[in-house]
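**Student:** Protein sequences appear in the order of chains X and A. If you use our numbering, the first sequence closes out at 1226, no skipped numbers anywhere. If you use our numbering, the second sequence closes out at 713, no skipped numbers anywhere.
Check the hints yourself; a few may be wrong.
Stated by the list, open to error - Examples of chain X residues lying across from chain A (beta carbon under 10 Å, computed):
#, residue
1, Pro926
2, Phe1020
3, Ser1023
4, Ala1066
5, Gly1087
6, Pro1091
Claimed, not checked - Each pair of labels, with its calculated beta carbon distance range:
#, chain 1, residue 1, chain 2, residue 2, range
7, A, Trp560, X, Gln938, 29 to 35 Å
8, A, Ile631, X, Thr1050, 24 to 30 Å
9, A, Gly538, X, Pro1132, 55 to 61 Å
10, X, Val1225, A, Phe665, 48 to 54 Å
11, X, Gln938, A, Ala593, 57 to 63 Å
12, A, Phe665, X, Tyr1148, 42 to 48 Å
13, X, Asp1182, A, Met671, 51 to 57 Å
14, X, Thr1062, A, Ala593, 53 to 59 Å
15, A, Phe411, X, Ala1139, 24 to 30 Å
16, A, Ile631, X, Ser1130, 54 to 60 Å
These are computed hints drawn from the structure, not numbers from a lab. Where is the CB? At the ideal position from N, CA and C, for every residue including glycine.
Spelled out from the first residue to the last, the chains are:
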Amino acid sequence: MNVRKILTTLTASLLLTLAAGQAPAAEPIKIGSFLAVTGGASFLGDPELKTLQMYIEEINAKGGVIGRQIELVHYDDGGSPKKSVNFAKRLIQKDKVDVIVGGSTSGSTLAVMPLVDRAKTPFISLAGSVKIISPVQYWTFKMPHTDAMAAAKIYGDMKQRGITKVALISGSGGFDKSGRTQSLQLARQYGIEIVSDESYGAKDTDMTAQLTKIRDTDAQAILNFGFGTGPAIVTKNVRQLGIDLPLYQSHGVASKKFIELAGDAAEGVRLPASALLVADMLPDSDPQKPVLLAYKNKFEAKYGPVSTFGGHAYDGLHIALEAIERAGSTDKAKVRDEIEKTRGFIGTGGIYNMSPRDHLGLSLKAFKMLEIKNGNWTIVK
Amino acid sequence: MRRLAGLCLLATIVVVLPILFPDNYYVTVVGVTALLHAILAVSLNLLMGYAGQISLGHAAFFGIGAYTSAILTTRYGWDPWAAIMAGLALTGLVSFLVSRPILRLKGHYLAMATLGLGIIINIILVQGDQLTGGPDGLGGIPTLSLFGWALDTDLRWYWMMGATLLGVVWLALNIIDSRSGRALRALHGSEVAAEMMGINTTAAKTGVFVLAALIASLAGGLFCHQQSFISPDSFNFFFSIELVTMVVLGGMASTYGAVFGALILTLLPELLVVFEDFEVMIFGAILMLMMIFLPQGLFVGLQNLVLRWLNRRRSAAFGAVGE
């Protein structure tokens, strides 16, 4: 029963406005959100909420958007799709929000999509699954890269290294399973043969059995799609067994925590990740660099280590607000059209170019291929 | 007669609320969830409250009903009503098959076994992703239609769930006051004594277990068409525990108590939302206070208080006449 709502920074922002000597203008713009702030997926919802609050406060202090202040209405769904459905209805019917930016988990997002369609409310999701944008749903958009893109990026890198035979090993969580499906589907397109398809349970502490089987195949590389502690154990086991094959991980382990857990075994592991992780290493010519550093410094000054998940909330909020600004009103149909017209928006996830057929708008360039060297990330050229 | 009076009161409340507040979020949205929870709590109460057989895996039957109907309608194009019936049939079969070995166990062992059952079903839903869609869930489930009316608004779903709840409550009340209901209560008191009285305890326990599972399955069938999207998270262990809490909070062995418990447990979190960070703590404190001061359950406890008060007044009146 960890339902929890955090009403907004409204009071703080109001005080700031008054201090600035501006009379609060018209009705505030209402941004609705339901996030997994507590529960198993809180590592997603927590930085997302903090990001939304931090930036809404800042934007309000600067006078808001189209002369109106912004109000955040937020509920904690604990990652449960059932609760998300009720909270989304509450946002639409009771709070009458103008735009929804939220949905930490794919389950929550997919559960709410038919609802926002009926209510004709623009919805920007912060969840990963490719099912959210394929097929395209008229009122739903999404910020994070898809698992299919991660697989494509990995296969592209493998191809460059001349790898054609790959052993796949994946966990049993939602992220893992969806990634496995996408990896299997995309393999042929990249001329890659999956010679082994192993899996492990969410709480397994040893994967040597699966890896021994993989060792006996003629695989040229190992691809591990997983989340949590599983990938770190796989990485350690690969080294313990003395398997001398390139090891690829997914963007699911793109945090310092993974390097800590896997220790020396992580050396040489490659993975696709958003540029936020390596913001300081990007060349100055990279247009994303100033955006990434600004977000990173702001978040870390207030809350501690930055994560890519909070970055999705940054992107979603700004795309929504820019669309409202271009539309000049909070008319839902106009705002939706403007979100769809987002071009060249430089966010933390990449450069977004949306269209009626693409409600994500990121290309494979949004991912950087990283290699772990000396306990730190390096960009693979 | 007293039995029907309570049902009439419940029916009046269910019917009058949406007429008075047709657009109220708490009635049409939270209300539908509360009615659904009430159906589930009443079914679990038959098993736990009356027959004294604890179940920590009730969400499993709810899940079987929901997933069977969802899979048959989305993947095989079945008619939703036929799919719900198929869900009922499957649940009936599964619950009958597991009831024999499981109901031989007592107390903690029974709790463990039902817990295991719930977890196994949940794992099947997560792992069988070819069929169930895995952890990402299953979407695009069509809504129900009744006599040419598509149940496509919250209000219409409210009527559907309300009617189902009244039907289930009526069924539960009738069973409890019937011969088999008395057998169940005897069994709750003492299984050995009940057997000595000539009650076929195995048949009685199996019967009530299957019945409770069937009602949960029906609720699941309705739930999946109402939500149009389901995922294994809605049928996990924690939901089973939530249902047990509803029954205990409302008052074991009281059908209205179960309805009341479901209502409180659905409504309270929605109302406490205004307390922001302290919400969960306040919620916990309220539950603790209720159980300390009204250990028989909220509904039963309040009912007893009222009856005692009435008795005292009556005896006081008697005393006055006597003098």
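**Student:** Run every hint past the structure and note whether it holds.
**Tutor:** Taking the hints in turn, this is what the structure says about them:
| no. | hint | result |
| --- | --- | --- |
| 1 | Pro926 | holds (5 Å) |
| 2 | Phe1020 | holds (8 Å) |
| 3 | Ser1023 | holds (6 Å) |
| 4 | Ala1066 | violated (25 Å) |
| 5 | Gly1087 | violated (32 Å) |
| 6 | Pro1091 | violated (28 Å) |
| 7 | A:Trp560 <-> X:Gln938: 29 to 35 Å | holds (32 Å) |
| 8 | A:Ile631 <-> X:Thr1050: 24 to 30 Å | holds (27 Å) |
| 9 | A:Gly538 <-> X:Pro1132: 55 to 61 Å | holds (58 Å) |
| 10 | X:Val1225 <-> A:Phe665: 48 to 54 Å | holds (49 Å) |
| 11 | X:Gln938 <-> A:Ala593: 57 to 63 Å | violated (48 Å) |
| 12 | A:Phe665 <-> X:Tyr1148: 42 to 48 Å | violated (23 Å) |
| 13 | X:Asp1182 <-> A:Met671: 51 to 57 Å | violated (44 Å) |
| 14 | X:Thr1062 <-> A:Ala593: 53 to 59 Å | holds (55 Å) |
| 15 | A:Phe411 <-> X:Ala1139: 24 to 30 Å | violated (48 Å) |
| 16 | A:Ile631 <-> X:Ser1130: 54 to 60 Å | holds (56 Å) |
Going through the hint list in order, the structure does not satisfy hints 4, 5, 6, 11, 12, 13 and 15.
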